[in-house]
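Position chains B, C and D relative to chain A; hints supplied.
Single-letter residue listing:
4 protein chains.
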Amino acid sequence: MQTQKLKVGIVGGTGYTGVELLRLLCVHPNVTLTVITSRGEAGLAVADMFSSLRGYVDLTFTDPALANLTDCDIVFFATPNGIAMQQTRDLLTKGVRVIDLAADFRIKDIPTWEKWYSMTHACPDLVTTAVYGLPEMNREAIKTAQLVANPGCYPTAVQLGFMPLLEADVVDTGYLIADAKSGVSGAGRKAEVHSLFSEAGDNFKAYGVAGHRHLPEISQGLTYMAKGKVGFTFVPHLTPLIRGIHATLYAKLIKPTDLQALFEARYKDERFVDVLAKGAHPETRSVRGSNICRIAVHQPQGSDTVVVLSVIDNLVKGAAGQAVQNMNIMFDFPENTGLELVPLLP
Amino acid sequence: MQTQKLKVGIVGGTGYTGVELLRLLCVHPNVTLTVITSRGEAGLAVADMFSSLRGYVDLTFTDPALANLTDCDIVFFATPNGIAMQQTRDLLTKGVRVIDLAADFRIKDIPTWEKWYSMTHACPDLVTTAVYGLPEMNREAIKTAQLVANPGCYPTAVQLGFMPLLEADVVDTGYLIADAKSGVSGAGRKAEVHSLFSEAGDNFKAYGVAGHRHLPEISQGLTYMAKGKVGFTFVPHLTPLIRGIHATLYAKLIKPTDLQALFEARYKDERFVDVLAKGAHPETRSVRGSNICRIAVHQPQGSDTVVVLSVIDNLVKGAAGQAVQNMNIMFDFPENTGLELVPLLP
Amino acid sequence: MQTQKLKVGIVGGTGYTGVELLRLLCVHPNVTLTVITSRGEAGLAVADMFSSLRGYVDLTFTDPALANLTDCDIVFFATPNGIAMQQTRDLLTKGVRVIDLAADFRIKDIPTWEKWYSMTHACPDLVTTAVYGLPEMNREAIKTAQLVANPGCYPTAVQLGFMPLLEADVVDTGYLIADAKSGVSGAGRKAEVHSLFSEAGDNFKAYGVAGHRHLPEISQGLTYMAKGKVGFTFVPHLTPLIRGIHATLYAKLIKPTDLQALFEARYKDERFVDVLAKGAHPETRSVRGSNICRIAVHQPQGSDTVVVLSVIDNLVKGAAGQAVQNMNIMFDFPENTGLELVPLLP
Amino acid sequence: MQTQKLKVGIVGGTGYTGVELLRLLCVHPNVTLTVITSRGEAGLAVADMFSSLRGYVDLTFTDPALANLTDCDIVFFATPNGIAMQQTRDLLTKGVRVIDLAADFRIKDIPTWEKWYSMTHACPDLVTTAVYGLPEMNREAIKTAQLVANPGCYPTAVQLGFMPLLEADVVDTGYLIADAKSGVSGAGRKAEVHSLFSEAGDNFKAYGVAGHRHLPEISQGLTYMAKGKVGFTFVPHLTPLIRGIHATLYAKLIKPTDLQALFEARYKDERFVDVLAKGAHPETRSVRGSNICRIAVHQPQGSDTVVVLSVIDNLVKGAAGQAVQNMNIMFDFPENTGLELVPLLP
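Protein chains in written order, with our numbering: chain A, 1 to 346; chain B, 347 to 692; chain C, 693 to 1038; chain D, 1039 to 1384.
Okay, chain A solo, but in the shape it has when bound:
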């Protein structure tokens, strides 16, 4: 006997997280795609914009003003920051559960959020009730959440990498470093000069060293894990690949620890975190198109410096895949439903 399928809406379906949600949800066995909105493309068939979806998605983009989202069981916001907070209260009131893939509900401290996002928050009270959707940290709360704040891409890779160390209290929390590298799809599908092929191709650079919006999000998570203030340096880089984040994490070990055993134990029941063998180097392509985070932990030259390597596909575990994982948890489906995606290699 098949349960009734969930009616799913997507607000903002023309960006990369939107099209990735479509890729995952169009073959999800428990889901019916019901409505997809786009201000700019209303009336256009989705498959005319993304020919990869021909034969899989027969919806047309709907004007947000006309979209009937309240009939949905769940709505995903794949919108720029600041949109979801305008529309979420109304949906929640009508019993529609919400997952926001943008940053509106990620940071609990409202002044911090307002400083980094340069906006006044529209509904601070909802931030309080929102659940940060990192299943490996918050699974229980996600189950009953009405509103889930889906984590950012960098924050997912970095937090999963530091989590075992901080929970076990084995590193100096005053000096944590994340040197992170992202593929260009992380910048979204916006037409901007710095994301052009001729600018980002055959090129490598750091950016946002003075401060990146994912810094306070990660700091909040690390503080939670460490049960106390942390000193954290975050340096993001742009690397010429389409999908993928590689976070290289550095910390100072303060007590003798079997790091391999620690990581394996922490993640042994997690379907979407894969701890590699000692000495391994995960590569971004090994998770291309999949919801897996692969992690390896090193202690080079026997020093007290711990090096953690953590890779994800920024559009899957770093965005749409994790959102679907959260939906599965919220609706009590097996957590991997629709997410057994074998990575595309080469």
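None of these hints come from the bench; they were simulated from the model. Take the hints with a grain of salt, since some may be wrong.
Restricting the straight-line Cα-Cα distance to at most 20 Å, the calculated cross-link-like pairs of lysine-lysine (PhoX-like) are [unchecked claim]:
| hint | chain 1 | residue 1 | chain 2 | residue 2 |
| --- | --- | --- | --- | --- |
| 1 | D | Lys1290 | A | Lys278 |
| 2 | A | Lys278 | A | Lys252 |
| 3 | B | Lys598 | C | Lys944 |
| 4 | D | Lys1290 | A | Lys229 |
| 5 | B | Lys598 | C | Lys921 |
Examples of chain D residues lying across from chain A (beta carbon under 7 Å, computed) [what the hints assert, rightly or not]:
| hint | residue |
| --- | --- |
| 6 | His1232 |
| 7 | Ala1244 |
| 8 | Tyr1245 |
| 9 | Thr1271 |
| 10 | Leu1279 |
| 11 | His1336 |
| 12 | Gln1337 |
| 13 | Pro1338 |
| 14 | Leu1347 |
Note that the structure is a prediction, hence the values are computed from the model and not measured. Note that the Cβ used here is the ideal one computed from N, Cα and C, for glycine as well.
Relative to chain A, chains B, C and D alone:
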């Protein structure tokens, strides 16, 4: 009620067509992967070589000399040219059906094959009985075939593009041109200087203009469709992408024809050929990771020159995916079983 | 004794042809960069925008309205189409010579130009006097030209490839095909979705098959060479590299010809056209950063189909380099002055 | 009056450092290329192998056994590790000066070298007299050196980035981290699977975390600068670009320092080190093809963590360009002779 699963063997599992077969077959509902051979990597766990398969494939590479292939229902050869012809007779004799992804059984004319492949053919009689595995041309014969010669990547894209024109006899068969572009994975996983990232990256070139091995294979197919000799020029190029073939085909129209209607009619029942709307330009990424061939037909400036654009993923419809499609046909599974792969975009 | 240096102005210095002109001219021994205009970036130091030019260019972008261009000896327009035609008459009147790198003066037939560029031409009389700046075709006229229309990138590669065949009248001019592939920098530095790394990367597609603006420009040139009407099909493609055009040309030989000798003879005195040995395959990286066009000619399988392979760097021989070559000719400098740029490989 | 040109020999001209030496030296005004050796390609014209050099290099590869290197004024070794140490003594004895671009003479401590390079050193005494060719550190000694050990690519980027901090003694030398990213050309032109386009393309990974050969070389340099033992962690990564190294360096500030002023003062007279403005993010393409190292220094969030960003072209400042810079110093040419190469952007 579930039918008994097919026992499947793969000979030569370490190249790109091998790992792609594994990606497809490891989640195919009607298949049990039984044995994978590799001369060089015997004893190594498959997932230790291809970390993308961790959690999906738990087999270990077996030495070909020790592999028990005769217990399989079907064996795929993902080997260099000249291997399958040594081992196929024995398998067929024991009732094992065979799909060769290399070129051993593709060309019916033995002297032609021996000239282009610089080898003496080991079993010309089997070439006679082998079925050329292009389902859109040979579906009926494939159903009962014991031995299928899986087409080459270029030949798949080019033949599917020319087929409607030649079958309908509307172009000058004396002057057919295929200007084809392939991603670098088409060259395989061999360590060769010209396939290095620093050689093939940020670079574009033609190669094999004087003669490429896929030329006689395509000519054979075009001759069959045209029911007569054809004049055919084939110029392959290497383009800096990993997966994808784009064939741009030129022919001279000899009778007024509604080309769009011709193509749509020809392929209306084909699950894996998608004729785009008039004026469209298929892009390789729209089929990345999927078994679809997308085609558009143009008649620029109202001249009598027909331009057909045909794209495939060379490792899927151009190799492993088509092999699985053939297997599905041979064993009377729905043709798309295990092949409903939504393309990865971006 | 050093001749007085030319005073050079550039209108529109922020696009790729602009920055490429700067790269070439900042070390040109006979040139002083005098003024560079930009509407959007006035006041910004050029080297703050393009850090590659730090230490080489100390100019600041000037507002076009304030720029004193009439003091220059020569002005390059590296602007969008339709700008140069507004400003050229004034400069010419004041004795300033002009090279337009856009399309305003390339096409002699005004209605054709107006149809393809969707504008009314501002100065049809100047089109008449403008010289099409393909030195290998028009060197004598360029010497005394006051106004040079610098050829497009595709037209340069295609015309140089067809020229020996058409001048010698050895091919069927009714059926000429150019299958051309361009790197993404050909689309310029405009922020457009289709030029994003995540769109154009790892992807290959044709575009503009129904009609591209370079079609009438090339047709005009081929008609001139053939001394009569030609049938010409032009299919441009976008390939994931930054710089480079590869044109693959097809024609039908109508008289027995030593093609290799024909090409070598035609270009033996041309510094910037390099005819490769028989059987060679030029690659785009072999001209990366240089003003060379490399060409190889094939007659595959002994058929009557001629295949010409022609590669250039679209920003150099296809734009800024050819403009400097034209400037050298106009001012009677050795034609290769400032253009002995060894290609960057790998 | 022109000084007599130097006679230059290159041993091992077929790798990337070899062809890059050729690119630079073929237009160097004080140099005559005299002999280039290659075991595998003896008899082949250099320009037949590297078509980018057509018209610039007319030499043919010579068998090493037959090459008359002793007539040269200087010989560059662009060979695998372990070759130069076999041939250097003989050349030095005959008055030929030598620059080794491999690692044979870089590490002063012989047991350390032998451990990391898994060979017995053939001439430990020459290691003692060899000068480590980092001009910004060792210029005076290079002037009179008979034998120069040209630094590795990572070591160049990392040492130039740390040098001002260590010389000024303003950071904790016990906890230095270099997170370094290299383009694929750093792996050389060897045919190896992991350097294939389909392996290294669209992929990012760390490698050698347990220990990379450049670790002891960098440690030696940092120890020299710090005048004492350092704690140093080095994590190299492979990024999908052809040329370029980006080193991101982390250190802990131990006294209040105007970092920007410190770096500017240290490098104000260095032609090939460019300190960017405060807050800048150097990108690898800004030095593509040039001998410049661009550096920016940050102190994010006002913490005591210093972040230095240092970029070079691994084949130029990281190999062949620095070798030419060393040659210029050794022969008292202006240090930038032949090295005023404007970077290629885009």
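Taking the hints in turn, this is what the structure says about them:
{"no.": "1", "hint": "Lys1290(D) to Lys278(A)", "result": "violated, 29 Å"}
{"no.": "2", "hint": "Lys278(A) to Lys252(A)", "result": "holds, 18 Å"}
{"no.": "3", "hint": "Lys598(B) to Lys944(C)", "result": "holds, 13 Å"}
{"no.": "4", "hint": "Lys1290(D) to Lys229(A)", "result": "holds, 18 Å"}
{"no.": "5", "hint": "Lys598(B) to Lys921(C)", "result": "holds, 18 Å"}
{"no.": "6", "hint": "His1232", "result": "violated, 10 Å"}
{"no.": "7", "hint": "Ala1244", "result": "holds, 5 Å"}
{"no.": "8", "hint": "Tyr1245", "result": "holds, 5 Å"}
{"no.": "9", "hint": "Thr1271", "result": "holds, 5 Å"}
{"no.": "10", "hint": "Leu1279", "result": "holds, 5 Å"}
{"no.": "11", "hint": "His1336", "result": "holds, 5 Å"}
{"no.": "12", "hint": "Gln1337", "result": "violated, 9 Å"}
{"no.": "13", "hint": "Pro1338", "result": "holds, 6 Å"}
{"no.": "14", "hint": "Leu1347", "result": "holds, 5 Å"}
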